[in-house]
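S.K.: Residues per chain are reported as follows:
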Amino acid sequence: MANQESDKFVTITVDGITARVPPGTLVIEAARQIGVMIPHFCYHPKLAPDANCRMCLVEIEKIPKLQTSCSTPVAEGMVVKSSVPNVEEARKSVLEFILANHPLDCPVCDQGGRCDLQDFSHEYTPTTGRFKELKRIFPKEYFSPLIETQMNRCIQCLRCVRYCDQVMDVQALAPSGRGTMTEIKHFSIHELDCEFCGGCVQICPVGAITSRLSMYDFRPWMLKRADTICTYCGDGCQITIQTKDNELIEVNSTHGAGRNNGDLCPRGYFGYHASVHADRLNHPLIRQQDGTYAEVTWEDALELIAERFSQIKLAHGADAFGGLITSRCTNEELYLFQKFMRVVLGTNRIDSSARYGHINGIQALRRVQGTHRWTVTYEDIVAADTLLLVGTNITETNPITGLKVKEAVKKQGAALITIESLLPIRGTISNITTLASHHVPVHPDYFGLAVLGLIKSVLEQGLATASLSERAPTFVQSIRSAVGKVPWETVERHLGLGRDTFVEAARTFSQAKRVIILAGQGVLRAPQGSDVVTNLLDLLILTGHHGRPGCGLGTLAEENNDQGAVEMGAVAEYLPGPSELGDQTARKNLSKIWGDEIPQSPGATLMDMLEEARTGRLKAMFIVGENPVATLPPQAKVEESLDGLEFLVCQELFLTETAKRAHVVLPACSYAEKDGTFTNTEGCVQSVRRAMEPIGESRPDWEVFSALSLLMGNPIEYGEAKEIFKEIRSAISGYGLLGPSATPPRIKDEVVDRYLQEGFKTDVEVRYAFEQENTQPDEMLTLASVQSLFHSGKFSTRAKGLLQIQASGFLNVNPVDATRLGLADGDPVRLSNTRGEATTKVKLLDRVPVGVAFFPEHFDQNIRGLFSLETDPQTRVPYFKLTRVRVDRMQEEIPGKG
Amino acid sequence: MLLEKHQELITELLSRYPVKRSALLPLLNLAQREEGYVSEAAMKEIAKILDLTPPQVYETATFYTMLNLKPIGKFHIQICKSIMCGLVGSDDLIQWLQNRLGIRVGQTTGDRLFTLSAVECLGSCGTAPMMQINDDYYEQLTAEKVGRVLEDLRREGTSPLKSGPFMFPQPAGSR
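Protein chains in written order, with this note's numbering: chain R, 3 to 900; chain S, 876 to 1050.
Simulated from the structure, these hints should not be mistaken for lab results. Everything hinted at is true.
Computed list of lysine-lysine pairs in DSS-like fashion (alpha-carbon distance at most 27 Å, straight line):
(1) 590/R with 724/R
(2) 923/S with 413/R
(3) 956/S with 137/R
(4) 945/S with 923/S
(5) 48/R with 895/S
Keep in mind that this is a model prediction, so the values were computed, not measured.
Excised from the complex, chain R in its bound form (with noise of 0.2 Å):
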């Protein structure tokens, strides 16, 4: 025992302190761990050691010359001393160095007192400087709309080149020239074209890289804080908010903290003044007979809305009501808002966001495994050695569990399966399939297909683990025969890829021992999502992956709190927990907490409320920050159904085009003015904090619905938000604990045990058929309404950070396409198909796949019209992301577009 201790630890001393640290780890983070501070510049534990500024020498014993402590590991009786004289004179040379260059212009450097050569000058320098020469002035160039460079600040430590290419995997900047000369630019004179996370802004050490968002505007020591959650996706950033005076001064992430470790994007870094946009209702609004809104009190607003429901409940029940919100309020605001339905106004009739495809993955999950979250976290994806990602765009959709995966291809040399659309071509904004170790290029309606082909490899090889056959023998056989009945001639039809492309990767993927797959947007929010999640599962379980340790499936959440939507049970079919709405048990268990009853009517979706509105089933409907008419393609018909209702109700933040059809409009808080937890997409619950005071006089969501209920005669208050949790956790588990990394879930051996005899019957024929799709004409490409990297919904397009990198959407398309279709990068284009058409122009992007288009989501007003509308017969989704569209040049420019 005590010698396995000893391999594990070796000794060393640090100015006279004794530690035990693994083999392996540097002096400096060893000498950090007992509380010695050695000062640097250039070392960041997130990066490679560079030894590049000299700042951190340190004497070790038994070797002659001073070494750098950030670059040299640990050895077992090592004596390190780093304060004595000749390492304080070696600190002051180099300082004296840096200094002779770097300009005293502290007063107006926006790092000032957050500046480690400001703070280790006052400690170490002498305070003048043997140097006569004039300083090194570089002529200032314009840089990018957001990040600022000022280079005679800069040190040269290259932490922000090194953190572009070693942890974003961008390699947008670039050190130029040589020597004292060395200046970091992108790409000659022009301007800066990257992610725009603003890494190198965080990681610089001086003032050499700042945010042009809130130049000039503050003094570090002026700024108060508050550590709360992005919402931008459903990674679940931990971001500061730090404000001046109630005003949002600037973003950003501690190293260290949140599940993101520091690592931001540009939605996160860039993207805070959506939630401060001078459109922010500030009123409570009532609709007049003319149309127009009159600003009325709060008692007012609700006396009416309580009122009304109250009217309506009593002619035509509890079941005439629907309720929507969205995935970006709090759980408690969730849980608070199907309470409010359920107990106050009788129904089981509430959707959330979720339903957009998130629910896919959780329906599939359930069914298989019994679990409704990841059973694994980010930790093991960065553990992981071999990744499967699968329709995920991951870089767009969700950046920072990207930079897990990129982690673990790039420091962990994982092998990685990439089924994506993307063609592997490298930029300055990172593209995931570059990295992968196996790529398979699919067209977006095919994701299935390639994993039925994945499948398919797996078996014909005799790769399916042998005691499954023991186990479960019809499950392997019935597998067997429906990937069986689609021959590789379809595979290769339209994937245009044979059974030559999966048997390296079948073979990687059922040979490794930490296995993770990944599913994102691309199978959840397409046709049959769930059951490509499902056959995800059976490929863990053929493998024998699944239940192991470190391996596992997880779904990509787009909102950050889709997952506690359908946790605190804002879904159709889940009371809290989830629990099937029919499940006794959870039933007795609620009504117990809450006092009161629950409805025993079955729920709606939102598809389901909009056509029962339509036929003037639904009489009144609560929308809670969605905004469907804007979401929807016109073929859902959202305005026709919500102008049928007698009475519509909205909270929102900005007077949206679902707002605007509204009876009463409530004004809602920004995630930065309220507190409560968001789930994000691994499961991990976390705080959110009040960063301001609530702008005008909107109110956090929680509070209206208790106001509501209040008025309505059947009251659930609470004094604050942690209250509303505290009922939470009683009623759901996996709220018990707040802490700094997700507890997945175990897989429930008998719902899997129950899937391999019985449960996968149902369906597999289905799930694995393929059915002859109409082969796309020469003329049309595939419209796919894709994630931009900048944007997350319609929300983040009131950001005005984010509008200077992305203002207005584009149909990016392969060059091969352009050539052969006569269009340039620019060109103003049609876009048509038999439902429509629309204009917009072209951006010429390599990684876009020949014969398929993406337009960013997020400024899709104009070209929705264009997409067909499907709603899955099991889940209920609708699917509204693809389409096939002819593409003109038009000869007229398009005007008062840019």
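Based on the hints, put chain S in the right spot on chain R.
M.R.: Here is chain S on its own, set in the frame of chain R:
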């Protein structure tokens, strides 16, 4: 473009290295031979060939002073300014050249014939002062000799005064 014109050579260059990126300098050299300087278009193309981003190519191209990032004249005069040549009067020669050509170091003449650069040691100290014009060495220079070289180049496009390039080890049979 490079790839179209030198398909075979590029394939051969890439085959020399286990890591694609290693072919960066040979390709930059190729681009410079092609146009006299490394153009942005060439850097972008090299990035594509090597699976790099343009900034990564730019970074390397700016590090090496022997790679020109701007168009240069037909004759690139690289005069040595290191210590050995300095001791025997390279400063005067540089001054003389600047006056004669009417340009400063780093500039190109209006007729796009000559570009003047002052460079570090070219390894010909025994015959200092010296300069290199395109691929040829000119040694034991005097103002008069440099003047003749310029005249020759202007007239003939080459000069009998050249003495290089030297290769080590020397080709068999030379000297």
